[in-house]
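Visitor: Everything in the sequence shown is counted per the numbering used here, starting at 397 for the first residue and increasing by one.
Please note: incorrect hints may appear among the correct ones.
Said to hold, decoys possible - Taking lysine to aspartate or glutamate and the EDC-like style, the derived pairs with C-alpha atoms no more than 16 Å apart in a straight line are:
1) Lys447 to Glu487
2) Lys469 to Glu435
3) Lys412 to Glu497
4) Lys504 to Glu438
5) Lys447 to Glu431
6) Lys447 to Glu502
7) Lys447 to Asp417
8) Lys412 to Glu487
9) Lys504 to Asp420
10) Lys504 to Glu431
11) Lys412 to Glu445
12) Lys412 to Glu431
Stated by the list, open to error - What follows is a set of in silico ranges between Cβ atoms, one per label pair, in the way DEER data are often shown:
13) Ala468 to Gly434: 22 to 32 Å
14) Pro472 to Gln501: 39 to 49 Å
15) Phe430 to Gln501: 33 to 43 Å
16) Ile402 to Gln428: 18 to 28 Å
17) Leu407 to Gln501: 46 to 56 Å
18) Glu437 to Ile404: 26 to 36 Å
19) Gly409 to Lys469: 27 to 37 Å
20) Leu465 to Glu487: 31 to 41 Å
21) Glu437 to Pro401: 45 to 55 Å
Please keep in mind that the hints were generated in silico from the structure rather than gathered at the bench. Think of the CB as a built atom: it goes at the ideal place given N, C-alpha and C, for glycine as much as any other residue.
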Amino acid sequence: MAKLPIEITNLLGQLKQQALDIVDESLALEFQIFERFGETEETLPALEEMKNAGEDAESTYSQLSNLQLQIAKIQPSPPPDVLQLLTIAIERSQLRIPALERSIQEVKQEYNL
């Protein structure tokens, strides 16, 4: 099994946990808005935004997990192109996760939740 440096493994764990938290929080917020305000012309954009945030976070989680698993299967060590894919996925996640978290916060503020 190809081993990643512990720092990368820890970073992947943190990013995946943040993505899972976004999935949970976006779905919970979507449900709260739907339960309190219903599905109306006014709430549809927020409901859609939360659905998209959850799906994006789910995709991020899957991508990081799949790359980590594929690297673990490579013997004796991962080739540079695979490590480059992992680097790109990490960088993308580090940019995307805060944006998704801000989206959730903005919708919470908009609906006083």
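Visitor: Now tell me if each hint is right for this structure.
Guide: Status of each hint after checking the structure:
1. Straight-line distance between C-alpha atoms of Lys447 and Glu487 comes to about 23 Å, which puts the hinted pair past the 16 Å bound.
2. Our distance criterion of 16 Å between C-alpha atoms is broken by Lys469 and Glu435, whose separation comes to about 46 Å.
3. Taking the CA atoms of Lys412 and Glu497, the gap is near 14 Å; set against the 16 Å cutoff, the hint holds.
4. Annotation: proposed proximity of Lys504 to Glu438 holds, straight-line Cα distance about 14 Å (limit 16 Å).
5. The straight-line distance between the Cα atoms of Lys447 and Glu431 is roughly 15 Å, inside the 16 Å bound, and the hint therefore holds.
6. Distance check on the hinted pair: Lys447 and Glu502 sit about 14 Å apart at the alpha-carbon level, within 16 Å; holds.
7. For the proposed pair Lys447 and Asp417, the alpha carbon gap of about 14 Å is at most 16 Å, so the pair holds.
8. The suggested pairing of Lys412 with Glu487 holds, with an alpha-carbon distance near 13 Å, which does not exceed 16 Å.
9. Restraint check: the Cα-Cα separation between Lys504 and Asp420 comes to about 14 Å, which is no more than 16 Å; the hinted pair holds.
10. The suggested pairing of Lys504 with Glu431 holds, with an alpha-carbon distance near 14 Å, which does not exceed 16 Å.
11. This hinted pair does not check out: Lys412 and Glu445 have alpha carbons roughly 20 Å apart, beyond 16 Å.
12. Taking the CA atoms of Lys412 and Glu431, the gap is near 29 Å; set against the 16 Å cutoff, the hint is violated.
13. In this structure the hint that Ala468 and Gly434 lie 22 to 32 Å apart at CB is violated, the actual value being about 46 Å.
14. At about 45 Å, the beta-carbon gap between Pro472 and Gln501 stays in the expected band of 39 to 49 Å.
15. Checked against the given bound of 33 to 43 Å, the beta carbons of Phe430 and Gln501, roughly 19 Å apart, lie outside it.
16. At about 38 Å, the beta-carbon gap between Ile402 and Gln428 misses the expected band of 18 to 28 Å.
17. Distance hint check: the CB atoms of Leu407 and Gln501 are about 23 Å apart, inconsistent with the given range 46 to 56 Å.
18. Checked against the given bound of 26 to 36 Å, the beta carbons of Glu437 and Ile404, roughly 46 Å apart, lie outside it.
19. A beta carbon spacing of about 18 Å between Gly409 and Lys469 contradicts the range 27 to 37 Å that was offered as a hint.
20. For the pair Leu465 and Glu487, the supplied restraint of 31 to 41 Å is violated, since their beta-carbon distance comes to about 19 Å.
21. As the Cβ distance of Glu437 to Pro401 is approximately 51 Å, the hint placing it in 45 to 55 Å holds.
The structure does not agree with the numbered hints 1, 2, 11, 12, 13, 15, 16, 17, 18, 19 and 20 stated previously, though it agrees with the rest.
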